[in-house]
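2 protein chains.
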Amino acid sequence: MARSYAQAPITTVSAANGIEYAYREVGEGGVPLVLLIHFRGNLDNWDPALVDALAQRRRVIAFDNTGVGGSSGRTPSTITQMAMDAIAFTDALDLVQIDVLGFSLGSFVAQEIALIRPALVRRVVLASSAPQGAPGMHGWAHWVIDAVGEPEIDPARVLDVFYTQSPESRSAGEKAMGRMFTRTELDAPTTWQTRHAQYDAVSAWGVPNFSLLERVTAIQAPVFVANGDNDPMILPRYSHLLAGLIPQARLKIYPDSAHGFLFQHHAEFADDVEAFLTDPR
Amino acid sequence: MARSYAQAPITTVSAANGIEYAYREVGEGGVPLVLLIHFRGNLDNWDPALVDALAQRRRVIAFDNTGVGGSSGRTPSTITQMAMDAIAFTDALDLVQIDVLGFSLGSFVAQEIALIRPALVRRVVLASSAPQGAPGMHGWAHWVIDAVGEPEIDPARVLDVFYTQSPESRSAGEKAMGRMFTRTELDAPTTWQTRHAQYDAVSAWGVPNFSLLERVTAIQAPVFVANGDNDPMILPRYSHLLAGLIPQARLKIYPDSAHGFLFQHHAEFADDVEAFLTDPR
Chain A
1 MARSYAQAPI
11 TTVSAANGIE
21 YAYREVGEGG
31 VPLVLLIHFR
41 GNLDNWDPAL
51 VDALAQRRRV
61 IAFDNTGVGG
71 SSGRTPSTIT
81 QMAMDAIAFT
91 DALDLVQIDV
101 LGFSLGSFVA
111 QEIALIRPAL
121 VRRVVLASSA
131 PQGAPGMHGW
141 AHWVIDAVGE
151 PEIDPARVLD
161 VFYTQSPESR
171 SAGEKAMGRM
181 FTRTELDAPT
191 TWQTRHAQYD
201 AVSAWGVPNF
211 SLLERVTAIQ
221 APVFVANGDN
231 DPMILPRYSH
241 LLAGLIPQAR
251 LKIYPDSAHG
261 FLFQHHAEFA
271 DDVEAFLTDP
281 R
Chain B
1 MARSYAQAPI
11 TTVSAANGIE
21 YAYREVGEGG
31 VPLVLLIHFR
41 GNLDNWDPAL
51 VDALAQRRRV
61 IAFDNTGVGG
71 SSGRTPSTIT
81 QMAMDAIAFT
91 DALDLVQIDV
101 LGFSLGSFVA
111 QEIALIRPAL
121 VRRVVLASSA
131 PQGAPGMHGW
141 AHWVIDAVGE
151 PEIDPARVLD
161 VFYTQSPESR
171 SAGEKAMGRM
181 FTRTELDAPT
191 TWQTRHAQYD
201 AVSAWGVPNF
211 SLLERVTAIQ
221 APVFVANGDN
231 DPMILPRYSH
241 LLAGLIPQAR
251 LKIYPDSAHG
261 FLFQHHAEFA
271 DDVEAFLTDP
281 R
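Chains A and B, in that order, give the protein sequences.
Reminder that position 216 of the first sequence reads as 216 in the working numbering, one-by-one numbering, no gaps.
Reminder that position 211 of the second sequence reads as 211 in the working numbering, one-by-one numbering, no gaps.
Don't read these hints as lab results, they were simulated from the structure.
For every residue, glycine included, the Cβ atom is placed at its ideal position computed from N, Cα and C.
One or more of the hints may lead you astray.
[Said to hold, decoys possible] Below, a list of computed lysine to aspartate or glutamate pairs in the EDC-like style, where the Cα atoms sit at most 20 Å apart:
1. K252(A) x E150(B)
2. K252(B) x D229(A)
3. K252(A) x D272(A)
4. K252(B) x D256(A)
5. K175(A) x D160(A)
[To be verified] A few chain A residues facing chain B, derived, Cβ under 10 Å:
6. Q220
7. L241
8. A243
In isolation and in its complexed conformation, chain A is listed as follows (with noise of 0.2 Å):
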């Protein structure tokens, strides 16, 4: 097993749907936690600070869903199909129970598994998310989708949307990019197919329909609902938006930062999740 996330290596598992998923490992012992990538994101996109910090008293795997970098298959343009195949990369694995980390377009994957099956999930983690149906966030603003959603990703744009303009939040953000990506066995890059399946996926999510809304008072697992409180890619209010419909959710806005938060307070996000795995409520 590798040591750190940074090290650890592409493995493939074969699922009953046929596919390939690619994914890599760390950490041992209690109920694994399985996360969820955003938009375009493949395995190299986690921040191995994060990851390791997650993984110090647990099993943590990070994968590559239909589709997306490594994994085979063409990815789907919903996410409810998203996380069917999710979950049949997790019973591939012989999980009979997992908690999830779900981080933005992988936000609203997690809260699906979470309502397909139950009792698969013990725990859900939203990381920058939404819920399906509320107003405002179909498509993302223009100079959002702008900055991410280009043939060619320029990483300068990327932390504009990721972190904000503060020297310290800017700084972590390049940080955080410098540890994704001085690994030496890197992913397959996300095709364009995938970006235009996970984008009419996403604007699917985002159609306003305060009807939809409800759906996410099912979960029953707790959740914890964070982000930056300067995201402009998923508005914190959709934070506040989940936490006001979810009975028990409990909710962090975490201080300048933006959709990156999570890797920018990598330490203090990692504690706060763990506080929340491991709290006996």
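Following the hints, complete the assembly by docking chain B onto the known chain A.
Frame of chain A, contents of chain B only:
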């Protein structure tokens, strides 16, 4: 003009709807701030320490809505009618623009006023509030309505709802009650008819209906949402829900406090309201 709310006399004004409204006012200047009180409350249920702090730089007006306390008529049993009646009162005073601070039941009325006559309302403060249709609040918890809904109101049981069990919160509550009721000219008590009509209105407001959550997104005025972190009457998660639904809302949750957080933290809350009302944005 009265120097302090504790000395402010009760004045009456005849409105076009035939109701004689009882009110007290203190302070002068600026856009008048109209206060909307809680379930079964009358003019005496505003803590003079809070009202005086709010009135440092502005005219502050507390009034009894139709059928309540010293005002004539029968209390209506819908929030919408209460809002229309409140507008009749402001019309009777020739107010062309107001700020509103609604507390609990009064915060529901404040939302309706902002929706029925948006041009009247410059800024809105919602204290211990919830949007119409929010899940899980219908009729209040049994022990809460038992504590505040009996024919004879027991101050000790009111303290249980308005303040936490901490010595600091209880002591603040006892002091606030002392400040409220040491005046010489007391308002007429609220009646059993008012109790029933207001409870019916609050219960109808709390019938879960996710499609109605959309209503508050039409509020154009800036909104400040505030609550105590342990309010058992209107849970803090409904403040999160409001902050998630209203595009530009600001939110503050006050520590170690319950339904009466605004009296317990009167100096801090008054400062926050002042900052909100004078914010150039």
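Now the hints, each set against the structure:
As the CA atoms of K252(A) and E150(B) are separated by approximately 38 Å, the hinted pair breaks the 20 Å bound. A threshold of 20 Å between alpha carbons decides the hint, and for K252(B) with D229(A) the separation of about 14 Å falls inside it, so the pair holds. In summary, the hint linking K252(A) to D272(A) is supported, as the alpha carbons are separated by about 9 Å, within the 20 Å threshold. Simply put, K252(B) and D256(A) have alpha-carbon atoms about 18 Å apart, close enough for the 20 Å limit, and the pair holds.
A hinted pair counts as satisfied when its Cα atoms are at most 20 Å apart, and K175(A) with D160(A) qualifies at roughly 14 Å. Because the closest C-beta pair between Q220(A) and chain B is about 14 Å apart, greater than 10 Å, the hint is violated. Using the Cβ-Cβ criterion of 10 Å, the hint placing L241(A) at the interface with chain B is satisfied: the shortest such distance is roughly 3 Å. The beta carbon of A243(A) comes within 4 Å of a beta carbon in chain B, closer than 10 Å, and the hint placing it at the interface holds.
Checked against the numbered hints above, the structure breaks hints 1, 6 and satisfies the rest.
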